[in-house]
Each structure stands twice: as structure tokens, then as C-alpha cells.
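Chemist: Going line by line, the protein sequences match chains A and B. For the first sequence, numbering that gives the first Met the number 0 assigns the number 0 to the initial residue and increments by one for each residue that follows. For the second sequence, numbering that gives the first Met the number 0 assigns the number 0 to the initial residue and increments by one for each residue that follows.
Worth flagging that the hints you see were computed from the coordinates, not collected in a lab. The C-beta atom is built at its ideal place from N, Cα and C for all residues, glycine as well. Do not rely on the hints blindly, as some may be mistaken.
To be verified - One-sided and incomplete, this derived list gives chain A residues near chain B with beta-carbon spacing under 7 angstroms:
#1 R151
#2 A171
#3 R174
Claimed, not checked - From chain B, some residues computed to sit far from chain A (all C-beta separations above 10 angstroms):
#4 F45
#5 A51
#6 E367
#7 G404
#8 E414
In case you want the letters, here they are:
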Amino acid sequence: MKRVLPTAAAIVCGLFALVDFFVPHPLIGSLGAKLVEGVMILAAFALLAGILNLLGVHARRSSAGQKGRGYSMVLTAALLGTLAVGVVAPESGAISWIFGYMYYPLQSTMAALLAFFVVSAAYRVFRLRNGEALVMLVTSLLVLLAQLPFSRALAPFLPLAREWILTVPVTAGMRGIILGTALGTIATSLRILLAVDHPYA
Amino acid sequence: MIVCPACKHHNPEGAKLCAACGRGLEGFAYRVCPSCGALNAARHAFCHRCFAELTLAEGESPIPDSSLVKPFTPVIVSLGEEALQELKRIEELPTRPAAAEPTPATPATVKPEAQAPLEAPTERPAPAEVAPIAPAEAPEIAPPSVEAVAPPSEAEIAQLAEGTAGPTEVAAQPPTMMAAQPTAPIAEAPILAEAAAPTQAEALPAEATPSPLEGVDEALPLEPVVTLPHRAPRRAARPAAPTGDYEAELFQQVAVERAPLQEGAQEVLPRKAQVLSRVGRIVLCLLVLLAALLPHFTGGQTGFFVEPREAVRTFAQELEALPAEAEVLLSFDYSPTYADELDPLALAVVRHLARRSVRMVVMSTKPEGIGLAEGVYRTVTGELPSYLYGEHYALLGYLPGQEAGLRALNAPLAETFRADHVQSHPLGELAATSGLATLKDFDLVIILTDDSLILRRWIEQVQSRNDIGFYALVTSAIEPLLVPYQQSGQLRTLIPAATGAAEYEVASAVKPATLPQSDAYAALFVVLLVTAIVTNVLYITKGERVK
Chain A
0 MKRVLPTAAA IVCGLFALVD FFVPHPLIGS LGAKLVEGVM ILAAFALLAG
50 ILNLLGVHAR RSSAGQKGRG YSMVLTAALL GTLAVGVVAP ESGAISWIFG
100 YMYYPLQSTM AALLAFFVVS AAYRVFRLRN GEALVMLVTS LLVLLAQLPF
150 SRALAPFLPL AREWILTVPV TAGMRGIILG TALGTIATSL RILLAVDHPY
200 A
Chain B
0 MIVCPACKHH NPEGAKLCAA CGRGLEGFAY RVCPSCGALN AARHAFCHRC
50 FAELTLAEGE SPIPDSSLVK PFTPVIVSLG EEALQELKRI EELPTRPAAA
100 EPTPATPATV KPEAQAPLEA PTERPAPAEV APIAPAEAPE IAPPSVEAVA
150 PPSEAEIAQL AEGTAGPTEV AAQPPTMMAA QPTAPIAEAP ILAEAAAPTQ
200 AEALPAEATP SPLEGVDEAL PLEPVVTLPH RAPRRAARPA APTGDYEAEL
250 FQQVAVERAP LQEGAQEVLP RKAQVLSRVG RIVLCLLVLL AALLPHFTGG
300 QTGFFVEPRE AVRTFAQELE ALPAEAEVLL SFDYSPTYAD ELDPLALAVV
350 RHLARRSVRM VVMSTKPEGI GLAEGVYRTV TGELPSYLYG EHYALLGYLP
400 GQEAGLRALN APLAETFRAD HVQSHPLGEL AATSGLATLK DFDLVIILTD
450 DSLILRRWIE QVQSRNDIGF YALVTSAIEP LLVPYQQSGQ LRTLIPAATG
500 AAEYEVASAV KPATLPQSDA YAALFVVLLV TAIVTNVLYI TKGERVK
């Protein structure tokens, strides 16, 4: 019974979502909407469970005096502090301050370092070691040049070359990946619907 | 390991007699797998259950030596009149019931005739009348049947082994046998005795209860399989295989051997090269810093050269053509990591729409997205104080649930978003959202994202049901991943943000505010290009290419 009930529920819900997708009927649509609402509630509970688990892990690490316990304590304090501000005074502007003056600058700083990494990588990677490196170098240079705001003024063919690279070889590869992903999704869905896989049990 | 058929005692490999009961084991047909304990036929080299190698006695081959196997040659034996009559009489006799026969335990032991020809033909004298015939003319000779084979009795075996079969017994044999019998039976007697011995030994338990597997080729007897434990204890240590020794030696050789001098020279760079490499990186980092900062003081230098591409121009024209009461949905689906790339384009678009008093509704499928949208609208409303929250624009907030959340957008909007994000009013109470029932009521849907997966979710969950064309403003990194959707028409436009902001400002003729940033991008690209070119020039001229 432990396996039968989840399997039956998964199959029924999956088939219902599938029917809802293909049959535009008001009754089916409303029932499908209820199912989606249930998914969102479950996702919220999953988030709550994740937060509790995170707190538990870092609390254990802090209390056990393991390596990196300082980071765990900072993380726990930041999490609880932000949570408290958000719950107690959601419209006070404190949350916006935390976002604008702590979260945003930290993330932007991390992203800004990417420029240094990319240039450093270019210093080492863009070397004509073999034929493949030559293709990569030429393609990269063309795309980079075409990214410049004044690329049309520099050479009228540059935007066209970039367009061709993006729409022909890159798109061909991407189409292959998308088709493969779609086939994999269909196969996985069928396995779940036919109760071959039980990722929920 | 050999199992005694009588007492089931496990005897070591090569044992002649059972250590527990003294029964002869020579020629016994089963082996115990040293790995899993399964019983296997003696001629098997590997276990039928776990495919472990079965230990064989010294000099014993798991399969018959092919050199000993002679090709079958049909023979014609001339028989006398008496012999022919006797043969006819025998053929007319009723067949003995199979139950009366002693149950054969294994095919290896119940087919002495099948084994004997492998060893005996060299000693069998060819009769004078024997002549080879063509295969087409050869008479059909039925293979010896398991049921029809009656192993010789104990007395017969003893007599054969001693070579003392009396003349009366020989005379009692049918004339057919007499005629076909080789002239040297004594020479074959030991072979027959050897073949018959295991049959005699195994017949004991089989006589009591006929095996249900009788007649099945190469089947193991049921009783040992049931009574023996499933797994035998593993041996403490097994001698290493020759291949193992070889691999160990090879590993030791590889581990101990010093690297060639040439490889060492490649790994350890000279001090000068190390210093140059370090200095080069420092110079590069300084150049990047300069490229990023300088345009903020001298910005707008590249504005003269900026020429919008066709997609940007069309997008700007479509926004320009929107009526004042038009409703536009903007989804800020990006994080602060890419805010520096997407914020300028978002600012340019929002500024353009706000200047035309178009109503805007803002949402996000990322928790950080609404915070970024607040920053953009704060900037725009600072420039245009007449553009008011609630009347001209509204923030609906974060939509959780990823696919499920976007799927919920197909429902009436008031069900998906019960209230707005800033004032917590129901959507019907805000002027900006009062006329909106579903997603189809929007004139445009613009998605700003740094994640191709999010845009895919929009297409799969929302567009497939509403047939709305999306305008995607994305980071340059994910643009190539989304080109197929643009080619299929699912995206009306696809604009990379790195250069898109400056192009949009030029195309829409709004106040140019992002040109310094555009200059910074241009300077960084130039640094990258110069780095790639200089690196390769040095690489080629110094002759450091790997041969």
C-alpha cells in the first residue's frame, strides 16, 4: 500500500495535467488549476523544510566546533535576521535596505570579477595550438568584434558574420540539444506515468 | 573443491578419496565455485552463477583437447547372416522402461560412449572391409540416448578391468556384438572402468529418488543444490594471477620511474618566464580596471558610432506605436549578478514606455527580481514624477513555483496575484490593473532574463496556451541558446543586453543614459581582443608551439 498509493496519485495527477494541457474544457481547466495550486503550496512547504534543514546543519556545525563554524554562525545569523525583519516589518524599508546595500553589491562584485577571469583565461587559452584552437580563436574574435557598439562602423560585414555564426552553426547545435532534451523529457514522463520510475516514493 | 556425492563433505581440489567417508572421488563431475559456492560441472572453466574462475587440478583441462577429437568417419561393417538375424531380433524386442534404468546423475558421467570415442579410436583396429563412404550415402546413425544407455554392472566392470571376462559371457553376447567388437577389448577396459566408476558412485542416491531433472542436458542434481548452503565461505587468500603480477610490476615501474627531462623542462618554467607571466597578468588586470572605470568619466565617446540593429529598431518602433492606455507586462527574471548588464536596457525600455504614459505591470519569477524592478522604477519615477504607482504602473510581486507558477498565469490574473506587492491592494482597486482579467489582456509581454530555462518555461507553460508573442531582453551569454525560439517565431524579438541598451536608446531617441556603460563594454572588448592577438603573436614568434 505504501508504494501503491503514491504511484496511483502520481499517475492520476500526471495524466490529469496532460489532459488539461490538450483538452481546453472549463471543468478540466479548473481542476488542473487546483492541482497547480497544490503544487505551489507543496513548494512553499518544501522551501520551509529546506530552511529548517539548513539551520539544523549549520547549528550542528557551530555547536560541534567544526572547521568553518564561523561561517556557519554568520550564515545562521544573517538568515534569522533577514527572516525576522521580513516577518515583523515587511513594509518598513529595512528589507529594501538589506537588498540594496548588502545583497545587490555582493552579487555584483562577484559578477564583476568575471571580467578579470575572462581576460586572464583569454591570455592563456587563445593560443593557436592546433586547428581546433584556430577555429575557436577566429570565431571568438569575430563575435567579440561584432559585439562592439561601433562594429558596423568598423566593418560592415562583422554583424553579418556574427549573425551567421549565431543562426547557423550555433542554432544547429542548440536545436540538437533541445530535441534531445525534449525526447528525454518524454521518456522520463512516460516512465513516471507508467510507474516504471518512482522518484516520489 | 570437490563435494562427496554420498556424505556431501567438501574435499580439496585433486582429492582421490573423500576425507569423511572414504568414497572414491576420482572422476567426480562437480566442482564448487570458490567464490559463490555454486556447483559446476567438472569440465566448466568458469562458474555458471558468478563467472569466477574454477580451480582445476594440475594437468586437467576444462574442455576436451581438440587434438584428441577425431572427425567422425562412417564405416560399413560386413555382418554375417546370423548376425543380421540377431540384429533384426533385437530391434523387434520391446524397449525397456526408463524407470528401470539407474538414474544418470550428469551427462558427463552417463555418457561413457560419448567419451570413449575421444580416447579409444586410436586403438581401434580398422576392419579389412571398412571403407569410407560419401556423407550422402552414410546411413543415419542415431546418437546414443541417455535412457538407452545402461551402465555396466559392478561385476562387469571388475571383469573388464581385470580382463578376465569368461568365454561363456563372450559367447552369450549377440553375434552382432561379436562381429563388431574390436579385437583388443582388453586395451579399452581401463578406460571403460574409469568412465563407469563415477556412474556407479553417483547412482546410489539417485536410485532412491529419481531426479526430476532427469533427461535435462547438463542439469545439476537437485539435491546438492537444495541442501548445500547458498554461499560457501570465501577463501582467505587466493594466489595472484599472472596478469596481476604484471600490472603490479607496471604500476611500480610507472610510480618509481623519473619523468623525462623534457617533461620536467615543460612543467618548470624559467624564472624569467614566471615573472613575465605574473607581470602580464597584473598588467591585464590593470587594463581591465581602466577600461571599466575610464568611460564613467569620459563617457559617450562611442555614441556617434552606435547603429541599432534591425531587431532593436523594430522593437523600439512597436513600443512607440503603443497607445497611451496600452497595458504592458514586464517580468524582471534576473538576479543582481547580471543586473549591471540588464538594468541599463530595462531602464531604457521603462523610460521610453513611461514617457509615453503606457501602463506597466511588473512581476518576477525570481525572488530578487522585484527588488531590481523597484530600483529601476525608482529611477524612472525620479525623472518623471507624474508617472505614479497604482495609476500607471503596479508591482505584482514574486510568483513562486517555477513551472507551476507560470502555469497558474493562465488562470485569471486576480487568482494568481491576490494583491499587489507594494500596497497590498486587490488588483481591481488599482487603476493600472483594474482592466486586466487574464494574460491575453496585455498588449505586450516583455521578459528580461539571465536564464534561458526561465524563458523556456514561459514559452512552454504560458505561450503554448495563450498564443502570445514574447519580447525577450536577455544577457549576451544566453542569447545563442535562445536563437532557435526566435527562428520558430515563439519569440518576437531577442535582444542581447550588453550592446542592446545603447542601441535602444539610439533607436527610440530617448535620453542617452547608458552610453558610458556602452563605452566600458567597448573598452573591455578591445582589451580582450588585444590580449588574444598579442598572446598569439608572442606564442608563434617564440616558437613555443607544441609539436
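Chemist: Evaluate each hint against the coordinates.
Modeler: Going down the list of hints, with the structure as the test:
no. : hint : in the structure
1   : R151 : 5 angstroms, holds
2   : A171 : 9 angstroms, violated
3   : R174 : 5 angstroms, holds
4   : F45  : 33 angstroms, holds
5   : A51  : 33 angstroms, holds
6   : E367 : 7 angstroms, violated
7   : G404 : 6 angstroms, violated
8   : E414 : 8 angstroms, violated
The structure fails to meet hints 2, 6, 7 and 8 from the earlier list, while all remaining hints are met.
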